[in-house]
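*Asks:* Let chain A serve as the given structure and place chain B on it in line with the hints.
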Amino acid sequence: MKPRLWFFAAVLLSAIGLIVAPQLIVAAPREATMGLVQKIFYYHVPSAWVCVLAAFVCAGGSAAYLFTGSEAGDRVAAAAGELTVLFGLCVLVTGPLWARKAWGTWWQWDVRLTTTLLMWMIFVAYLFARKYGGPGAKKLAAGLALFGAADVPLIYLSVSIWRTIHPKTTVVKTLDPAMQGPFWTAFATFTVLFFVLLELRLSLERARSRLDALHLAAEDQLDE
Amino acid sequence: MKRLLALLAILFFLGAPAFAAQPKPDAEGFVPVSGAMMQPGETIPANRLVAAAYGFIFAALAVYVASVVARSRRVEAEMRELQRKLEAKNG
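Protein chains in written order, with the working numbering: chain A, 1 to 224; chain B, 225 to 315.
The following block holds chain B by itself, in its conformation from the complex:
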């Protein structure tokens, strides 16, 4: 009897992780749709998505060009200031 109990205990401890690893019954497979699962985004009209995509690209390009121009102006202003200081020093 003791041996049988010991064998059952060993089987229990060995088998427990395997049972624990089993997926829960409702974790996989087909799930019937319910009202709460309907995504409100599905009603987004395509024209808004297309407009957003093209708008974003044009806006990104415009912002980038403006940023490069602003940085260039800053560098040029710094250069002019430095040249002015050098000229003042050299008389």
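Isolated chain A (complex conformation):
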């Protein structure tokens, strides 16, 4: 398989972003109430964004597999499912580190936090179902992915519907201009990084498909 030009451009772009963004974050002003710990925000929010993006991509691929039997859709879903768990873990680890200083506690059973944990656990179950579920598990896992993605709107709206200690979504819109540069740089970097990692993981899925096909061919030939 020939590596595509866009992939190398995306790798380069994300590498530049991962070098530039931390420098901008260091130079960004400290928040008046929370101080230094607020700087976790610059990677916490992009991680959360990529996590939900991956969840939607996984659900899209799963829907394609469930309703049309698309193997390519299943491969995309498998790759995106892992990225949902990876970036979800980043969110669930960086959030409490921020909360410990800002709220005085590592964890609260707040609606935003609980629904995020729930979504992450659904996608962990998705990966387990795929790996250990045996025959027919792909369809079961695809159904799980749809349920996991259905939790995303609830996560987003939770801070507006219920009383919660988590900052509201409007915090990004009202961000100080000096904080917007680092934030959007990190946001763009994580978005590009998502597509790089998705392509990397997809190439593994494609190789596995070729290996399965080769196994089938080999069984026929070696049995003769």
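Hints may contain errors.
[As the list claims (entries may be wrong)] The list that follows gives simulated cross-link-like pairs (lysine to any residue, SDA-like), each with its CA atoms no further than 20 Å apart: (1) Lys131/A x Val293/B; (2) Lys309/B x Leu214/A; (3) Lys313/B x Asp212/A; (4) Lys313/B x Ala213/A; (5) Lys131/A x Glu302/B.
[Stated by the list, open to error] Away from chain B, derived, C-beta distances all over 12 Å, residues of chain A: (6) Pro29; (7) Leu117; (8) Lys173.
Keep in mind that the hints were calculated from the coordinates and are not lab data. The beta carbon of each residue, even a glycine, is placed where N, CA and C say it ideally should be.
*Replies:* Just chain B now, kept in the frame of chain A:
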């Protein structure tokens, strides 16, 4: 008198669950802070938390990329082995 005792007994049995459900006086409300309640974590400096957060993200990404590369190599090695067997079989 018997009726009165019976009425009191009924009231007691009916009222008991309601009394039992009442919160204990010290379960809610404001509690004055004592030395033992001060959490040692409150002294964690913010720079350590920020470093831990960024460190974790970079470490997680590095471990994930390494895991994908290792899995890809395993699949490629298996593919080469299978092709070698097929070529040996076909002469």
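*Asks:* Indicate, hint by hint, whether the structure satisfies it.
*Replies:* Results of checking the hints against the structure:
no. : hint                : verdict
1   : Lys131/A x Val293/B : holds, 19 Å
2   : Lys309/B x Leu214/A : holds, 11 Å
3   : Lys313/B x Asp212/A : holds, 19 Å
4   : Lys313/B x Ala213/A : holds, 18 Å
5   : Lys131/A x Glu302/B : holds, 19 Å
6   : Pro29               : holds, 15 Å
7   : Leu117              : holds, 17 Å
8   : Lys173              : holds, 23 Å
The structure fails none of the hints (numbered hints given earlier).
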